[in-house]
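Residue numbers (my numbering), protein chains in the order written: chain G, 1 to 484; chain R, 1 to 484.
Incorrect hints may have been included.
No distinction is drawn between identical chains; accordingly, a pair holds when it is met within one copy or between any pair of copies.
[Stated by the list, open to error] Cut-off 16 Å, straight-line C-alpha distance, at most; resulting in silico cross-link-like pairs (EDC-like, lysine to aspartate or glutamate): (1) Lys283 <-> Glu165; (2) Lys247 <-> Asp400; (3) Lys206 <-> Glu150; (4) Lys308 <-> Glu18; (5) Lys120 <-> Glu12; (6) Lys284 <-> Glu163; (7) Lys19 <-> Glu187; (8) Lys417 <-> Glu56; (9) Lys308 <-> Asp58; (10) Lys107 <-> Glu18; (11) Lys30 <-> Glu457; (12) Lys107 <-> Glu26; (13) Lys431 <-> Glu150.
Think of the hints as simulated: they come from the structure by calculation, not from any bench. Just so you know, these numbers come straight off a predicted model, no measurement behind them.
There are 2 protein chains.
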Amino acid sequence: MKKEEKARIRAELKALREKLMAQQQEIRAKGLPIIVLVEGWATAGKGSLIAEIISELDPRFYNVVTPIVTPEAEARYPFLYPYAKAIPENGKIMIYDAGWMEDCVRKLMRREITKEEYKKRVRAVNEFERQLHDGGYLILKLFLDISREEQQARIRAFRENYETEWRVSREDLWQHSEYKLFRESYESFMDKTGKLIPWHVLDGEKKNAAALEALRLLNGMVDTALESGRTVGKPFEEDFPLLEMPKLSEVDLSPALTDEEYRALLKKLQKRLGELHNVIYRKKIPVILCYEGWDAAGKGGNIRRIAKPLDPRGFDVMPIASPTPEELHRQYLWRFWTRLPRTGHFCIFDRTWYGRVMVERLEGFCSEDDWKRAYNEINEFERQLTDWGAVVLKFWIHIDQDTQLARFNDRQNTPEKQWKLTEEDWRNREKWPQYEEAIDEMLQKTSTENAPWFIIESNDKKFARIKTLKIVVDELERAVAARL
Amino acid sequence: MKKEEKARIRAELKALREKLMAQQQEIRAKGLPIIVLVEGWATAGKGSLIAEIISELDPRFYNVVTPIVTPEAEARYPFLYPYAKAIPENGKIMIYDAGWMEDCVRKLMRREITKEEYKKRVRAVNEFERQLHDGGYLILKLFLDISREEQQARIRAFRENYETEWRVSREDLWQHSEYKLFRESYESFMDKTGKLIPWHVLDGEKKNAAALEALRLLNGMVDTALESGRTVGKPFEEDFPLLEMPKLSEVDLSPALTDEEYRALLKKLQKRLGELHNVIYRKKIPVILCYEGWDAAGKGGNIRRIAKPLDPRGFDVMPIASPTPEELHRQYLWRFWTRLPRTGHFCIFDRTWYGRVMVERLEGFCSEDDWKRAYNEINEFERQLTDWGAVVLKFWIHIDQDTQLARFNDRQNTPEKQWKLTEEDWRNREKWPQYEEAIDEMLQKTSTENAPWFIIESNDKKFARIKTLKIVVDELERAVAARL
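This is chain G alone, in the form it adopts within the complex (with noise of 0.2 Å):
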C-alpha cells in the first residue's frame, strides 16, 4: 500500500474518531446506551481495534469488559448472567472485548454443552439482544476475521519473545488446530443470531481498513439514533405453553386454618424444607421465589415463614423497591439479573420484574409499548432461568379490599407497627380496581409451566404460610426427584 493511501487512511481515522468524540456529548444528552461487541479470532487483533475506538474518548463515557468468565462463576449462574451484569446505563458505551459469541461457539467446541443446549443459548441470545434493541439500546456486533495462515504467523511472532508469549493460550492454540472446524461453527452461530441485528465481519488483516470500518458502522449507527430517537420496540409475542389462570374476583378468600392446624402444620412443613434445603443444595439447584401481593396482604410474614427453616448461608431475601438511579438507567431486568442466586441457593424477591406491568404500567412510569412487551420479554428471562436449573414459583398473596382496609387501619392505630403504613399504600388502594385489572392480565400472560403462578389465599394469614409453604415443599420434591 503506497504511502499517500496509508497517510490518508490514518487522517481519515482521526476524523472518525473526532467525530465520536464529538457525538460523546448528545449520545449522553439523549440517554443513548450503546453495545460494541468485538469477536473474532485469537491474535485477530480484538485489542487494537478497541483501543483505536476508544482513544479519542472521554473516560467517563465508556467502558472496556472482558467477561472473564471463570469456571466457578460459569458452573454457578446462568451463561448470560456476566454479560447480562455488564450491559451499559444509558448514555455511555460499553465495549464487549468478545462476549456471547465466544462463550457459546467455544463450549459446543469443547463439548462442555450438548447440541440442545447450545440451540437454547443461540435462543436465549437472540431473546437478550432482541431485549436490549427494543429497550433503546445500540447494538453494534463486529467480528474480526483472519485466514489460518495468517494466524499461524501471527503465533509464531507472539510467542518469539517473553513479553508477547502469554497473549497466546492453549485455548488459542488449540483453536488454529481446529481452525476449519472453528470457521464453521463462528459462521453458523452467525447465521443463526444476524437477523435482528446483523454482523459485520472486518477483515483483521488489514488493521486500519478494519478500524475505518468499524468507525464508520459507529458512527453511522450513532447519527441515526441521534436523528430518529430512541427507537422502542413494540409489542411481540411468542406464544409460552399458559396455565389456566382464575380472575382475581373468582377466588374463594374464605379458607383459614385454625391454630392447633397451623401449628402442626407449619412444624412439620419447615421440618422438611430444613431438609430439602440440604438435597437442594447438594444438587446445586437454584431456587427462585417470587412474592407479589396487594399491601398488607402478609407477604413480609409468610417470607418469614419461609426463610426460617433455610440455611441462612444458603439463601437471600432480596427486597424490591424503587429502582436506585443507576438501575433506573439500565434496561429494566439488569436489577434482576444482577441479584440471581448461585447455584443451591434460594433467592426469595419480595416484589419482583412484574412491577414492570403493574406499578410502572400504572403510574405511567414506563410507556405502554414497554409494558405490553414485558410479559414476552419476562417469559422469555424466566424460560432462561429454568433453562439453567433454576425452580422458579411465583405467588400473588391475595386479600380482598375490606381485609386491607382493616390492616390499614391496625397498622394505624399500632405506634410500632405505623411505619409499614405509608401515604402510597392509600393511593394504592383507590386504584383497586386498575390493578385488579393489570394483576388479571399479568396471571393470564405469565403463569407458564416451567414458571407457574399461584394464588395464595391470605385473608387469613396462617393459611396463606402453610399453603405457600405446600407448594414450596412439593414443588421442590418434583424437580429434586426430576435430578435423581
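Based on the hints, put chain R in the right spot on chain G.
Chain R only, in chain G's frame:
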C-alpha cells in the same frame, strides 16, 4: 437441663429477638450500620446461631454474607477485599458467616502465607476494624467454641446421612485433625485483634445459651449506641515514613516543551509503556494511578496519553464523581475498595479518595474529625494496597490561577468545550486559597515511600503529560525489576 429451664430460655430468646425487631426502626432512623462477625470451629453451629439472630428480622434490614473466597478472587485482590466489599450501608445489619479471622488463620495453617505476611494481615485487620468503628460502625465479634470431642461427635453425625454429609468438607476434617494447633492459632489471633473491639467466645455446646448471649450483646450494643448516638473516632496518627513535599506556592510552573520535543518523547515513552504493560500483566502486578488536580489543569488529556498505549483489556479509568446514595451511606473508602483493579491490571482514578480531605473537608460534607482522621486512614489503606503488591502513584496536576482563568474562558467561548465548564468550577475557583491550604496539608501528610505524590507542572500540558508518562515508566521499570 430441666424442662422449665429450657422453657425459660426459649421465652427469653423470644423476648430478645423481639427487642431487636423493635430496635430495627430506630437503627434505621438513626442510620446505624452494624457488623456481626460470626467465627468459630467447623460444625460449631454458626449457621443456626445466625438463624436465631435473624429469624424475626425484617429482611430489608439485614444480610448474611459468606464471603466465598475463590482461589481466583483470592489471588487477584487484596485479602480484605471481599469483606470490605460487603460492609453494610447505614441503618442495616451485615452478618458475616466466618470472615477475616478464619481467612487469616487458615492461610497461616496451610502455610499459604508467611509469618511476615500474616503479621501484615493482622495489622490490616486492626486497621480495617478501627476505621469502621471510627466511622460509626457497630461491630460485634463472636467466636463459637466447641471441644475436640464435641467436634468429633458432630462430624460423625453429619457424615452419617446423605443430606448432611456435604456439610463436612475435607478442610473441616483437616481442621479436626489439627485441632490443637488451630486452637492456638485462633486464640493468638483473637489476642492480637481484640484490643479495640473485643472478641466474645460463646459455648457452641450450649446452643440456646450461646444464642441468648449473642442477642444480649447485640441488644446491648445497639441500646448504648442509640443512647449515645453514633460515636465518631478521634483523629489518630501512626507515623508513616513521609517524603518531603514542597508547598504548592514554591512550585515553578514555567517548564515547557516544544512540539518537536513533545512528539518525540511521547512516541518513545508510550512505546515503552505499552511494552511494560505486557510484563506487568505477566508478573500480575496491580497498578493504581491516582489523579488529582485543579479544575482545567488537564487531567483528562494527561490520562488519555497514559491510557493510549495500554491494552484496553488491561486497564480501567475510574472517574470519581459525587457518591451515589448507596456509596454515601457507607464508609467513604468503600467505593474505592469496590473499584480496585485485578492483579496485572491498571486502574486510573480520575479523582480519588483524597476528595475526603479536599472537597468534603471544605464543603463540610464530613465532620472535622472525619477529615482529620482520613490522612492516617488513607495512609493505612494505601499501605494495604502496596502490601498486596500494587504500584500506587499519585499525581497532583498543578497550574496557577491565571492559567485556570484562561482555560475557563477558552471553554466558555468554545461551543464543543462548554459542557466541560460548570458553575461549580467557578465556585471552586473562588475558594482557591482554602483549597491550596488543604492540598498542601494533604501533600505533607500522605506522601509515603510506598505511595508517593508527584506534583506535575501543567501550565504547559505537553510538559505535564511527558513528566507523568516518564514517572509511570520509571516506577514500573523499578517495580518490574524488583519482582524478578
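Status of each hint after checking the structure:
no., hint, in the structure
1, Lys283 <-> Glu165, "between (41 Å within a copy, 13 Å between copies)"
2, Lys247 <-> Asp400, "within (13 Å within a copy, 72 Å between copies)"
3, Lys206 <-> Glu150, "within (11 Å within a copy, 70 Å between copies)"
4, Lys308 <-> Glu18, "between (59 Å within a copy, 15 Å between copies)"
5, Lys120 <-> Glu12, "neither (42 Å within a copy, 54 Å between copies)"
6, Lys284 <-> Glu163, "between (41 Å within a copy, 13 Å between copies)"
7, Lys19 <-> Glu187, "neither (32 Å within a copy, 64 Å between copies)"
8, Lys417 <-> Glu56, "between (56 Å within a copy, 14 Å between copies)"
9, Lys308 <-> Asp58, "between (50 Å within a copy, 12 Å between copies)"
10, Lys107 <-> Glu18, "neither (39 Å within a copy, 51 Å between copies)"
11, Lys30 <-> Glu457, "neither (46 Å within a copy, 37 Å between copies)"
12, Lys107 <-> Glu26, "neither (39 Å within a copy, 52 Å between copies)"
13, Lys431 <-> Glu150, "neither (66 Å within a copy, 59 Å between copies)"
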